[in-house]
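Take a look at the letters that make up each chain.
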Amino acid sequence: EPEVTQTPSHQVTQMGQEVILRCVPISNHLYFYWYRQILGQKVEFLVSFYNNEISEKSEIFDDQFSVERPDGSNFTLKIRSTKLEDSAMYFCASSEQGSGNTIYFGEGSWLTVV
Amino acid sequence: GENVEQHPSTLSVQEGDSAVIKCTYSDSASNYFPWYKQELGKRPQLIIDIRSNVGEKKDQRIAVTLNKTAKHFSLHITETQPEDSAVYFCAVLGPSGNTPLVFGKGTRLSVIA
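Sequences listed follow chains A and B, in order. Counting in the numbering used here, the first sequence runs from 1 upward without gaps. Counting in the numbering used here, the second sequence runs from 1001 upward without gaps.
Think of the hints as simulated: they come from the structure by calculation, not from any bench. Just so it is clear, the structure is predicted and the values come from calculations on it, not from any experiment. Hints are not guaranteed to be accurate.
Unchecked claim - Within a straight-line C-alpha distance of at most 25 Å, the following computed DSS-like cross-link-like pairs (lysine-lysine) qualify:
| hint | chain 1 | residue 1 | chain 2 | residue 2 |
| --- | --- | --- | --- | --- |
| 1 | B | 1042 | B | 1068 |
| 2 | B | 1042 | A | 83 |
| 3 | A | 78 | B | 1057 |
| 4 | B | 1105 | B | 1022 |
| 5 | B | 1042 | B | 1022 |
| 6 | A | 78 | A | 42 |
| 7 | B | 1105 | A | 83 |
| 8 | B | 1042 | A | 42 |
| 9 | B | 1037 | B | 1057 |
| 10 | A | 78 | B | 1022 |
| 11 | B | 1037 | B | 1022 |
| 12 | B | 1042 | B | 1071 |
| 13 | A | 57 | A | 83 |
| 14 | B | 1037 | A | 42 |
| 15 | A | 83 | B | 1022 |
| 16 | A | 78 | B | 1071 |
| 17 | A | 42 | B | 1105 |
| 18 | A | 57 | B | 1105 |
| 19 | B | 1058 | B | 1068 |
Said to hold, decoys possible - One-sided excerpt, in silico: chain A residues whose CB lies under 10 Å from chain B:
| hint | residue |
| --- | --- |
| 20 | 42 |
| 21 | 43 |
| 22 | 87 |
| 23 | 91 |
For every residue, glycine included, the Cβ atom is placed at its ideal position computed from N, Cα and C.
For reference, chain B alone in the conformation it holds in the complex (with noise of 0.2 Å):
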């Protein structure tokens, strides 16, 4: 099955400062890649999301890029806030209806203000 790998498990940054999250997977035939933001507590949320034909998409401070050969996508978030302070969690979903969307293991973003 796909397994899927996040670093790092905690970043600390400055307010202001960007944060990068990086994931690898294994399935080649993976094709939805879904960023999630878990604040304490609550559901995950969709933060953004790329697809296997698209390289890179931006939605205001929020960015994501995708290497298909590499197998691997980051999550770029500038200018950061103290309210970006979350858990994210990248996951994967293969190609078919059935496949479920795969986690990774997540990682705890501190905005330091």
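For reference, chain A alone in the conformation it holds in the complex (with noise of 0.2 Å):
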């Protein structure tokens, strides 16, 4: 079964620095999203992207954030000068199509921001 993935699997980074989390969706998916998930606490949405344009973001998702599709099939997400409240897992998700479809998530990118 086609799946989401995500590397790293665990970053840990010093305050300030830049951060860059990969993800490839699953190959015929045309919505692209991430999530993250603080320590112990729900899921919360950050970006979806479709079209090659950011389509929404929350409110989480500030001057700091930034996504990507470089190529054919990996999409980043950047966070240009981390903080310790960045420290979540970020999970990337895809779906094949918007509303109604399902949505599939990567296994996450864990990062500690020191």
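With the hints as a guide, bring both chains together as one complex.
Right, dumping it as structure tokens:
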């Protein structure tokens, strides 16, 4: 069964450093998402991406965050200047269509900011 | 925006008993309601979903019911087993392709052998 894959699985970074999290969505999917989950809390939406542009973003997704699809397969989340509170599990997800379609999550990238 | 409330936050049941988790949502136009199971340190895994044109769906020991009028939906797990122990999240997706999936706060289910 096709899967969403993410790298790295775990990254530790110094506060203020830039971080790039990478994702390979399922190949025939058109909608891509980033969610985050702070330890012990619920999964929170960050951003959705369709047709090579952001279609929606939450208030969490401020100017420190950006997303990109640099080639036909990768989908990246960049955090420009990490803060302690950015420590969380970041999940990439994709769906074949938008509304009403199953969203599949990757295994997550655990980011620790020290 | 959509507001999803999930109850209870924790639930302990004896092995073999049933477990019920409930969620309410605010946007009557929402049309897709998945349930995810998340084991510690793992990704959320879809276990069952229901769309707004259906009132109930069952898959072996798991069922979901939807009451669109009251804007609530429930997850039912029968004959619980220790491996059902996990955090369960309900989620709601709006009608637009741009609407993000909004999650409830989760229910930590413990099945006691």
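Here's how the hints hold up against the structure:
1. Between residue 1042 of chain B and residue 1068 of chain B the CA atoms are separated by roughly 31 Å; this puts the pair beyond 25 Å, and the hint is violated.
2. Of the pairs offered as hints, the one joining residue 1042 of chain B and residue 83 of chain A holds, with about 24 Å between alpha carbons and a cut-off of 25 Å not exceeded.
3. Proximity of residue 78 of chain A to residue 1057 of chain B is assessed by CA-CA distance (about 39 Å); at most 25 Å being required, the pair is judged violated.
4. This hinted pair checks out: residue 1105 of chain B and residue 1022 of chain B have alpha carbons roughly 11 Å apart, not beyond 25 Å.
5. In summary, the hint linking residue 1042 of chain B to residue 1022 of chain B is supported, as the alpha carbons are separated by about 23 Å, within the 25 Å threshold.
6. Between residue 78 of chain A and residue 42 of chain A the alpha-carbon distance is near 21 Å, which keeps this suggested pair within the 25 Å criterion.
7. A threshold of 25 Å between alpha carbons decides the hint, and for residue 1105 of chain B with residue 83 of chain A the separation of about 24 Å falls inside it, so the pair holds.
8. A hinted pair counts as satisfied when its Cα atoms are at most 25 Å apart, and residue 1042 of chain B with residue 42 of chain A qualifies at roughly 13 Å.
9. A C-alpha spacing of about 17 Å is found between residue 1037 of chain B and residue 1057 of chain B, which places the hinted pair at or below 25 Å, so the restraint holds.
10. As the CA atoms of residue 78 of chain A and residue 1022 of chain B are separated by approximately 36 Å, the hinted pair breaks the 25 Å bound.
11. Proposed proximity of residue 1037 of chain B and residue 1022 of chain B is supported: the alpha carbons are some 14 Å apart, at most 25 Å.
12. The straight-line distance between the Cα atoms of residue 1042 of chain B and residue 1071 of chain B is roughly 29 Å, outside the 25 Å bound, and the hint therefore fails.
13. Distance check on the hinted pair: residue 57 of chain A and residue 83 of chain A sit about 19 Å apart at the alpha-carbon level, within 25 Å; holds.
14. Of the supplied pair hints, the one linking residue 1037 of chain B and residue 42 of chain A holds, its CA atoms being roughly 12 Å apart against a limit of 25 Å.
15. Between residue 83 of chain A and residue 1022 of chain B the alpha-carbon distance is near 35 Å, which puts this suggested pair outside the 25 Å criterion.
16. As the CA atoms of residue 78 of chain A and residue 1071 of chain B are separated by approximately 37 Å, the hinted pair breaks the 25 Å bound.
17. Restraint check for residue 42 of chain A and residue 1105 of chain B: satisfied, since their Cα atoms lie roughly 5 Å apart, inside the 25 Å limit.
18. Distance hint between residue 57 of chain A and residue 1105 of chain B is fulfilled; the C-alpha atoms sit about 20 Å from each other, no more than 25 Å.
19. Of the pairs offered as hints, the one joining residue 1058 of chain B and residue 1068 of chain B holds, with about 17 Å between alpha carbons and a cut-off of 25 Å not exceeded.
20. Interface hint status for residue 42 of chain A: upheld, as the beta-carbon distance to the closest one in chain B is roughly 5 Å, under 10 Å.
21. Because the smallest distance between the Cβ of residue 43 of chain A and any Cβ of chain B comes to about 4 Å, under 10 Å, the interface hint for this residue holds.
22. Interface hint at residue 87 of chain A: violated, since its Cβ lies 15 Å from the closest Cβ of chain B, which is beyond the 10 Å cut-off.
23. The restraint placing residue 91 of chain A at the interface with chain B holds, with a minimum CB-CB distance near 6 Å, inside the 10 Å limit.
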